[in-house]
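K.L.:
Chain by chain, the residues run as shown.
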Amino acid sequence: MRKIKEFIIEKLLFSSALVTIAITVGIILVLAIEAFRFFSEVSIIEFFTNTQWTPLFTEKHYGILPLLSGTLLTSFIAISVALPIGLSISIYLSEYAPKSFRKTVKPLLELLAAVPTVVYGFFALIVVTPFLQGIFPNLSGFNSLSAGIVMGIMIIPFISSLSEDALHAVPYSLREASYGMGATKLQTAFKVAVPAASSGIIVSIILAMSRAIGETMIVAIAAGQQPRFTFDPTVPVETITAYIVQVSLGDVQHGSIEYRTIFAAGITLFAFTFLLNTISYQIRKKYKQQYE
Amino acid sequence: MLICSIKLEEMKSIIILLSLTLLMVSCGEKKESSENKKEELTKLSGTIKVDGSSTVFPITEAVAEEFRTEQPKVKVTIGISGTGGGFKKFSRGETNISDASRPIKDKEKKACAENNINYIQLEVAYDGLAVLVNPQNDWVDSFTIEELKKIWEPAAQGKIMKWNQIRPEWPDKEIHLFGPGVASGTYDYFTEAIVGKSGSSRGDFTASEDDHVLVQGIAGDKYSLGFFGLAYYAENKDKLTLIGVHNGEKIVKPTLETVSNGTYRPLSRPLFIYVNSTSVKRPDVVEFVNFYIDNAAELSKDVGYIPLPKENYTIQKENFKKFVENNK
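Chains as they are written, first to last, in my numbering: chain A, 1 to 292; chain B, 1001 to 1328.
Quick caveat, the hints were computed from the structure, so don't treat them as lab data. Treat the hints loosely; a few may be bogus.
Straight-line Cα separation of at most 20 Å, EDC-like style, residue types lysine to aspartate or glutamate; simulated pairs [to be verified]:
1. B:Lys1197 x A:Glu59
2. B:Lys1237 x B:Glu1257
3. B:Lys1162 x A:Asp232
4. A:Lys60 x B:Glu1153
5. B:Lys1149 x A:Glu59
Every beta carbon over 12 Å from chain B, so not counted as near; a handful from chain A, in silico [what the hints assert, rightly or not]:
6. Ile4
7. Glu6
8. Phe39
9. Ser43
10. Lys60
11. Pro84
12. Val115
13. Leu139
14. Glu176
15. Val192
16. Ala222
17. Asp232
The following label-pair restraints were derived from C-beta to C-beta distances [as the list claims (entries may be wrong)]:
18. A:Leu275 x B:Pro1283: 58 to 68 Å
19. B:Ile1315 x A:Ile135: 54 to 64 Å
20. B:Met1161 x A:Ser256: 27 to 37 Å
21. A:Phe131 x B:Lys1301: 33 to 43 Å
22. B:Met1011 x A:Thr104: 28 to 38 Å
23. B:Asp1172 x A:Ile45: 28 to 38 Å
24. B:Gln1121 x A:Ser256: 23 to 33 Å
Don't be surprised by glycine CBs; every beta carbon is placed ideally from N, CA and C.
Next comes chain A alone, as it looks inside the complex (with noise of 0.2 Å):
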């Protein structure tokens, strides 16, 4: 009786670990189905080297590097805002920060995860931007700045609750072999903690980097819908992730080459955020110390 028991349990677990492979290879071969039908119709070339995407109009281009400057430079942005932000936080956190202090302020840091991503759209179009506008007279209503500044708030807590982490795992008896010598705080928190921390450091910002190509609602809101190859923060742009919304909106018909696009469009997001995550994995597996 109880090896049945065992047996049902055991293939039961089995099952749900294989519904989640399913789900991502089903998700794969959709995408990849449609796409190459869609490649069929348009060649690769003009694809991946064409500066401009219209196919919903009377001319129609099928270039991805305007929705991809779009998505690369809010992405740029809202790193260049998180990276050092959230890297400040969790250096403070791990090295100087009192106990109590850590265990108050981390909770609070991942509220601004939890945020709905709607919200800080619409923050961005009506605070960010008109406030922005004020130091910049020539940007436009929807631009990238505004909407990767805030991104860059979003996303604080992935690099900073992560790095603060691998900060923690690196045992104490380093530092104090660095005290030991002479070492200042400032010394020892840049010259021994960070670099041993550095492979949960860099893993927490490619996630961050990930998690900043996939938004949707920040950038559908606030960076525009005029697809156009740039890398100037004061226009409209539109990236990968807003044109899929845009047109699944829309009234496109099924099976038809625009229908498509969005395949296209969604794979070539799919590609970047599966690239992003094995450079994360094989960064871990390489670099990742292990302590006693």
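Once you've looked at the hints, dock chain B against the given chain A.
P.N.:
Chain B in isolation, oriented as in the chain A frame:
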């Protein structure tokens, strides 16, 4: 796990609290229904699904709000998928009424016929399609139709990018264009009137079926230019500047008079609703559409559009009455 950690006493008080709340809520509802029994009019109920043009949306919304005071049990849901998007759903029988800022196209007629959907077209108001710029724009006084064509035609994609390419005295700055997307009837109408072919325009502009996105875009950008239905200008007068269009004789801005007497050319157009023939078997839909035609004149003026002449509304009402009779 959580349940085990709550003591029995606490469970009892939670259950008592919950049942008290339920009791209060149900008592509240009983009061409402006893009030209704005192009313004389027959209270209709049902859900009416409307979708389509974002241009016609302000009128339909105003009508639905007024209608709710007369028939509170009838729920009217109004979507803004754009005229094209609305017709897609209408042809599949998913909506009862379709808002449209242009007449139904042939391929949409075919789609309706394939699904055995019969309909009636009802005119509800006139719109003067507005061309707008940012209030800080002090160089544009008017546009000619040729200039608008030069900016919006497909050949302009990637080439006409700056203001001084239209008139040399205008600034050497990028034009930021905003307009409805390809599912929008406003887009179809504007491209037909200005470029000459419906659906034919450049592709590199901020396209959105949601006119509030366009208002926000133009209001926040000094070098912007856009177009949409007049009602969205009327409710955002402080954020936008209306530009007159040269109609061949003089520069005309869209107002009540210029659209009614036809001098605001070629951007004056009628707005429609299309009603499904199976839906008029329901008394709530018939009541709603009759209410719409009766109140469209006043409410369309309230939201910023131009009412049809009175005779037109009487004719529409007659046509609708016959349509209901034929489809009983």
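K.L.:
It remains to establish, for every hint, whether it holds in the given structure.
P.N.:
Hint check results:
1. B:Lys1197 x A:Glu59: 13 Å, holds
2. B:Lys1237 x B:Glu1257: Holds. B:Lys1237 to B:Glu1257 sits at ~18 Å (cutoff 20 Å).
3. B:Lys1162 x A:Asp232: 16 Å, holds
4. A:Lys60 x B:Glu1153: Answer holds: A:Lys60 to B:Glu1153 is near 13 Å, not above 20 Å.
5. B:Lys1149 x A:Glu59: 16 Å, holds
6. Ile4: Answer for A:Ile4: holds, closest chain B Cβ roughly 27 Å.
7. Glu6: 23 Å, holds
8. Phe39: Nearest chain B Cβ is 21 Å from A:Phe39, so the label holds.
9. Ser43: 19 Å, holds
10. Lys60: Answer for A:Lys60: violated, closest chain B Cβ roughly 8 Å.
11. Pro84: 29 Å, holds
12. Val115: Since the minimum Cβ distance to chain B is about 21 Å, A:Val115 lies beyond 12 Å and the statement holds.
13. Leu139: Per Cβ check, A:Leu139 is inside 12 Å of chain B; nearest 8 Å; violated.
14. Glu176: Consistent with the label, A:Glu176 stays out of reach of chain B, its closest Cβ about 40 Å off (over 12 Å).
15. Val192: Non-interface label stands for A:Val192: nearest chain B Cβ at 42 Å, farther than 12 Å.
16. Ala222: At roughly 10 Å from the nearest Cβ of chain B, A:Ala222 sits no farther out than 12 Å, so the non-interface label is violated.
17. Asp232: 10 Å, violated
18. A:Leu275 x B:Pro1283: 58 to 68 Å: 60 Å, holds
19. B:Ile1315 x A:Ile135: 54 to 64 Å: Because 58 Å falls inside the window, the suggested range holds.
20. B:Met1161 x A:Ser256: 27 to 37 Å: 29 Å, holds
21. A:Phe131 x B:Lys1301: 33 to 43 Å: Holds, since A:Phe131 and B:Lys1301 (Cβ atoms, about 38 Å apart) stay within the stated range.
22. B:Met1011 x A:Thr104: 28 to 38 Å: Since the Cβ atoms of B:Met1011 and A:Thr104 sit about 32 Å apart, the hinted range of 28 to 38 Å holds.
23. B:Asp1172 x A:Ile45: 28 to 38 Å: 35 Å, holds
24. B:Gln1121 x A:Ser256: 23 to 33 Å: 27 Å, holds
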